[in-house]
Every structure is written in structure tokens, then in C-alpha cells.
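Going line by line, the protein sequences match chains Y and X.
The numbering used here numbers the first residue of the first sequence as 4 and each following residue consecutively.
The numbering used here numbers the first residue of the second sequence as 292 and each following residue consecutively.
Each hint should be verified, as a subset may be incorrect.
With a cut-off of at most 20 Å between alpha-carbon atoms, the simulated EDC-like pairs for lysine to aspartate or glutamate come out as follows [unchecked claim]:
(1) Y:LYS127 with Y:ASP226
(2) X:LYS473 with Y:ASP226
(3) Y:LYS80 with X:ASP387
(4) Y:LYS127 with Y:ASP273
(5) X:LYS401 with X:ASP387
(6) X:LYS531 with X:ASP476
Source of the hints: derived by calculation from the structure; they are not laboratory data.
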Amino acid sequence: MTAPVGTPRVHDNIEAPYDTPLWVRAGSEMLFGVLTTPAGPPRQQAVVLVAPHFAGAAGGALEKNYFNVALARSLAKAGFRVFRYDMRGTGDSTGMEREFNLGRLHTDGLFAVVAELRRRGMDKLVLIGKCGGARTVAAAARRVPGLQGAVLISMPLLPPGMGTHDLNHDRIRPSVGMLLGLLDGRRRLAVLRALWAWLRGTGRRMRWPFPRVHPTILRQVGDLIRARVPLLLLWGNNDGDYANFVRATKGALGTVLAQGRACVQMRVLDGNVHEWTSLRIQQQTVACLEKWMEHAASGRRR
Amino acid sequence: MPIGTLTYPVRTATRIDETNHVREDAMFVRRDGSDLFCVLYRPQTPARRTVVLCPSFSKEAGMLYRLEVDAARAFAVRGYAAVRVHYRGTGHSGGDRETATLRNWADDAKAAADIATELTQSGSLAFCGIRAGALVAGLAVAGDTAIPVALWEPVSDGRRYFPAFVRAQNVFTLATQGRLTKTLDQVRLEIETDGYADVLGFPVYRALYESLAACRLWENLASEARSILLVQVGVRNEWKAEHVALGDVLAAAGSRVERVMITGEDPSKWFVIAGAQSSARLIETTLGWLGRLEGAR
Chain Y
4 MTAPVGTPRV HDNIEAPYDT PLWVRAGSEM LFGVLTTPAG PPRQQAVVLV APHFAGAAGG
64 ALEKNYFNVA LARSLAKAGF RVFRYDMRGT GDSTGMEREF NLGRLHTDGL FAVVAELRRR
124 GMDKLVLIGK CGGARTVAAA ARRVPGLQGA VLISMPLLPP GMGTHDLNHD RIRPSVGMLL
184 GLLDGRRRLA VLRALWAWLR GTGRRMRWPF PRVHPTILRQ VGDLIRARVP LLLLWGNNDG
244 DYANFVRATK GALGTVLAQG RACVQMRVLD GNVHEWTSLR IQQQTVACLE KWMEHAASGR
304 RR
Chain X
292 MPIGTLTYPV RTATRIDETN HVREDAMFVR RDGSDLFCVL YRPQTPARRT VVLCPSFSKE
352 AGMLYRLEVD AARAFAVRGY AAVRVHYRGT GHSGGDRETA TLRNWADDAK AAADIATELT
412 QSGSLAFCGI RAGALVAGLA VAGDTAIPVA LWEPVSDGRR YFPAFVRAQN VFTLATQGRL
472 TKTLDQVRLE IETDGYADVL GFPVYRALYE SLAACRLWEN LASEARSILL VQVGVRNEWK
532 AEHVALGDVL AAAGSRVERV MITGEDPSKW FVIAGAQSSA RLIETTLGWL GRLEGAR
């Protein structure tokens with residue numbers, strides 16, 4: 004399924020004979036997505052690609068450099084049905100989304116998509132989320148029936164409710180929810196650190212010195228592991244949050260992941276997986292996900 | 292239903308907005324053996340005119356995607372049909388990107404216009420080119436005097452776009468990795484030797500590169516007199532020499548050129564930073580121009 008070594012062109016032979024556009028109702032909004040269906044009989048598992056809720060302006064159905072289109076068509080060639088969609092307020096979906104807030108994940112949209120796919124007979128699902136989409140997958144996974152696997156790509160470890168991403172100035176700014184965290188003993192230190200960093204960094208891009216992974220994130224990952232859902236954590240060593248992840252694996256997150264043993268895989272690719280800024284890293288990501296999907300599909304059959 | 296080598300609709304998803312009753316048809320149409328993705332926006336009433344939106348490409352297409360969607364919806368709310376297209380080999384469309392040229396993409400835009408004309412029963416068109424999409428729009432309308440064109444922060448000289456693209460890559464890698472990726476000469480050499488260059492994860496193939504290098508917006512638009520809206524979007528309150536020259540050449544060729552400057556937004560961000568937001572002023576300006584076109588008829 005992967006392109007020959009030495010030809011890092013994930014976009015080769017992109018053809019769309021099986022793409023079908025769909026509108027999915029999610030509350031008062033309509034989410035736009037594309038279902039890619041294999042030419043032959045489909046395999047049992049269907050895949051949902053979950054993007055950040057501010058995936059640039061293009062939305063998750065495309066993703067940066069049309070990565071999700073290439074991934075969907077590659078997985079469809081391996082026999083999987085793949086649905087990619089635009090989160091509320093992005094791409095062709097309706098609604099408005101002007102900030103990136105990890106305290107307000109679009110799990111409602113994901114549940115609407117899952118319901119629509121189940122209605123169409125796809126009840127064995129694998130969720131692949133990137134960045135904020137990975138957080139959405141982690142938060143929603145426990146309530147997705149028939150979950151066959153989850154992939155968390157370049158998942159940010161920023162605690163929920165810790166401010167919003169001001170897109171006009173490309174920096175995080177405090178929010179009311181973040182300030183309320185001062186009343187929460189578990190979050191107080193993180194909030195104080197964040198406020199200090201914000202004060203120092205006002206007008207410039209901030210760095211977030213969080214020493215620990217928030218209990219909510221630990222619980223969500225732990226839930227996936229306890230449910231024995233095949234889990235892949237995928238990073239690029241040039242990703243902005245990769246160093247934080249490495250640090251986190253030496254603490255409580257590492258302990259949680261170790262409990263997963265055979266269910267959990269971690270892969271680190273050489274490059275920037277978050278931005279997919281080279282064709283080589285795009286190709287490596289597709290190959291890695293194809294391989295893992297085979298593993299997840301065979302594992303769940305057993 | 293075939294239009295030449297075009298067959299539509301192959302697969303369509305329709306939604307009708309509950310508040311403004313605008314109908315949106317997202318569709319894959321079959322064209323020359325591959326799928327072309329386009330979205331048609333139709334007002335509740337008969338369309339006053341159909342606007343064909345020609346997007347930019349590379350990173351810009353992603354950054355400006357939402358602006359394009361918002362514009363199409365706003366046009367439809369005000370009584371204009373609008374159609375958006377993903378050029379072959381880009382976005383949701385199929386097709387071979389390795390051999391795609393600006394001319395092919397202009398054909399894709401014209402195919403979208405044909406579909407829109409057929410489905411809306413409205414023969415009046417206007418094209419709207421966004422950044423490098425202006426080059427595509429220019430090629431699509433060349434030789435047809437009746438079609439007005441709106442140019443949003445246009446790239447007027449294709450030769451100058453590619454170096455800007457490479458510079459954007461270097462700025463990005465310098466900011467994130469502390470190093471320059473490739474010089475322009477290295478990237479050109481890559482295209483000559485390998486047939487393509489990888490620029491920020493977007494493959495620029497020789498066919499596109501060469502067609503871009505040969506494309507001058509003023510040459511395509513100045514061949515016929517038409518109504519033109521030239522919008523400059525920028526930080527500073529001063530016209531760029533590139534846009535002054537473009538406007539002057541088109542006016543000298545007999546076109547009615549309306550020039551508008553919108554300040555407060557930095558188009559350099561359209562390459563790599565997810566900061567470009569819908570510009571209400573840009574959309575309102577274009578709606579005003581479309582309204583004046585109706586008055587002039």
C-alpha cells in the first residue's frame with residue numbers, strides 16, 4: 004500500500020472514485036464530511052478522522068496539505084471505509100469557531116458522526132484524532148459503542164480549561180474557566196504557572212511550563228487502556244509538544260501507558276507530524292497508520 | 292447529464308439552511324475520468340448572477356478556505372448563486388496533480404461555471420480570483436468580454452509567486468527549527484532534476500511551476516475590456532506598486548477598474564499561520580461591486 008522507497012509522494016495516484024459527500028446534523032449545526040468507500044467489499048472496521056476544532060481554516064475533511072484526503076484514500080485501498088469531516092465552524096461545516104479551547108472539545112459533533120455511520124451500518128469504528136482532535140477522541144472514546152481502536156496523533160497535554168488560543172495574535176490568553184482553576188487544588192499550581200507565563204509573554208508567543216499531566220487526560224487515556232482498546236500514540240520528534248510528552252511519560256502518564264502493555268503502541272517519526280510539512284513525513288505517517296490499522300483489525304478479530 | 296466530457300451529478304449532498312433558505316449542493320462530478328469536487332450555493336429566489344470563486348493553492352488555499360466558504364454563503368444570501376471548486380489533484384478532487392497546469396485549473400473553474408449555469412438557469416457570470424487564484428480566473432475569462440472579474444489581493448505575476456512560496460517555507464522552518472530549508476535555486480534545481488519540489492509539504496510539479504512562471508495576469512485580462520474589482524488587502528495604507536501597475540494596465544486596455552484598499556489584515560499570514568479570518572469588509576465590498584454591475588446592465 005505504501006509508495007516505493009525513494010518516491011515520497013503521498014499524493015501519487017490520488018483518485019476519488021469512491022468519495023461520497025455527506026451532511027451530518029449535530030445539534031443546530033450541519034457538519035460536512037466525505038465518506039471514502041473501498042472499491043471491493045469493505046472490511047468490518049470503519050475509520051473516522053477527527054481533526055482539531057480549529058484545523059486552520061480548511062477543516063478536518065482536508066487537513067493540512069490535504070493529508071486526510073491522502074490518508075482516507077490509502078486506508079480505503081486497504082479495504083477500510085473512512086469518514087473525514089469538518090468540525091463545527093471549520094471547512095464547509097456551518098457554525099463559528101474563532102478560538103482553540105481545549106476546555107470545549109467538539110465531542111457532540113463526533114457523537115453525531117458516529118450515530119450517522121452506525122445508521123449506515125458501520126458499527127465497528129476506529130477513531131484517529133490529531134492535535135485537538137486527539138483530545139476529542141480521548142474524551143469521547145468511552146461513550147463510542149463498538150470502538151475498535153484509537154489513534155492519538157501529536158496530542159497536546161495542555162490542561163483543559165487553561166485559556167484559549169487567540170488566533171489573531173497566535174498566543175494563549177487566560178479565560179474565566181482558567182481563573183476558576185485557582186479554586187481547584189489540583190489545577191492551582193498549573194494556573195499560577197500559566198498566568199506567570201502569560202504575564203511574561205504578553206505580546207509574544209507563550210511557552211507553557213506544565214510539569215504534570217492533568218488528571219482528566221490521565222483518566223481518559225486510562226479508560227481506553229482498561230477497555231483494552233488498541234491504542235496508538237504517534238508523534239513527530241519535531242512536534243511542538245513532543246518534549247512535553249517525553250517528560251510526561253517519565254511520570255504518571257508513563258505509568259498509565261505501561262498498564263496497557265500489548266494494547267498500546269507508541270511511534271515517533273522523524274519530522275513534524277503535527278504540521279506535515281514535508282512529503283516524506285506525510286508518507287511515513289500514512290505507512291505507519293496503515294500498518295497499525297492492520298494490527299488493530301487483526302487483533303480485534305481475535 | 293453530460294456537458295462535453297462532464298457528467299454530473301455523480302454524488303451530491305444537499306443542505307438547505309433553515310434561516311436563509313440558501314441551498315448548498317456539495318458534489319463530485321465526473322470529468323475526464325476523474326472526480327471534480329465543487330459546491331454550489333443557490334439563493335431561494337432566481338439567482339441575479341453566478342459568482343465562480345477561484346481559490347489560491349498551496350498553504351494559502353487552506354488558510355483562506357473559510358473566507359471562501361463564508362463569501363459564497365454571503366453571496367447566496369444576497370441573491371447571487373456561487374460556486375466553489377477544488378482544482379484537479381487538490382482538495383477533495385481527484386485527478387493527476389503531476390501534470391496539472393494553471394490552464395487545467397482554469398478549465399476546472401469553467402466546468403464548475405457550466406454546472407452552475409445549468410443548475411441555476413442563470414447565464415450571467417462573474418469570476419472571483421483569490422491570490423494566485425486570480426491567475427486561474429484570468430485564464431478562465433480570457434477572450435470573453437462579458438464576464439466581470441473580482442481580484443482579491445491578486446498575484447499579478449506568476450513568476451513572483453513561487454519565490455514567495457519558498458520564502459514562506461524558510462520563514463516557517465527558521466521559526467520552528469532555527470534553520471533555513473532550501474534556497475530558491477536549490478528548489479528550482481529540485482524541480483529540474485526530480486520533476487517536483489516539496490515546499491512545506493505541498494508538491495510543486497514541473498508542469499505547475501512552468502505554467503506559473505509563464506502566467507501574467509495583465510496579459511490575460513487586458514486582451515478584452517471588462518468590469519474589474521481590484522482589492523488590495525494589507526497592513527499599510529498605501530498601494531503596492533504591483534497593484535498600481537496592474538490596475539493601470541487594465542484601465543488603459545479599456546476595462547472599468549474599481550480599486551479598493553482594505554487595511555488591517557496581513558496577507559503574509561495567509562501562507563503559514565492559521566490566523567486569516569473571514570474579512571467581512573472584503574465580502575461587503577464585493578457585494579457592493581456586484582450590485583453596481585446589476586445597475587449598469
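These are the hints, each one checked on the structure:
1. A C-alpha spacing of about 18 Å is found between LYS127 of chain Y and ASP226 of chain Y, which places the hinted pair at or below 20 Å, so the restraint holds.
2. The hinted pair formed by LYS473 of chain X and ASP226 of chain Y fails the criterion: a straight-line CA distance of about 45 Å is larger than 20 Å.
3. A C-alpha spacing of about 17 Å is found between LYS80 of chain Y and ASP387 of chain X, which places the hinted pair at or below 20 Å, so the restraint holds.
4. The suggested pairing of LYS127 of chain Y with ASP273 of chain Y is violated, with an alpha-carbon distance near 31 Å, which exceeds 20 Å.
5. The suggested pairing of LYS401 of chain X with ASP387 of chain X holds, with an alpha-carbon distance near 18 Å, which does not exceed 20 Å.
6. About 26 Å separates the Cα atoms of LYS531 of chain X and ASP476 of chain X, which puts this hinted pair outside 20 Å; it is violated.
Comparing the model with each numbered hint stated earlier shows that hints 2, 4 and 6 do not hold.
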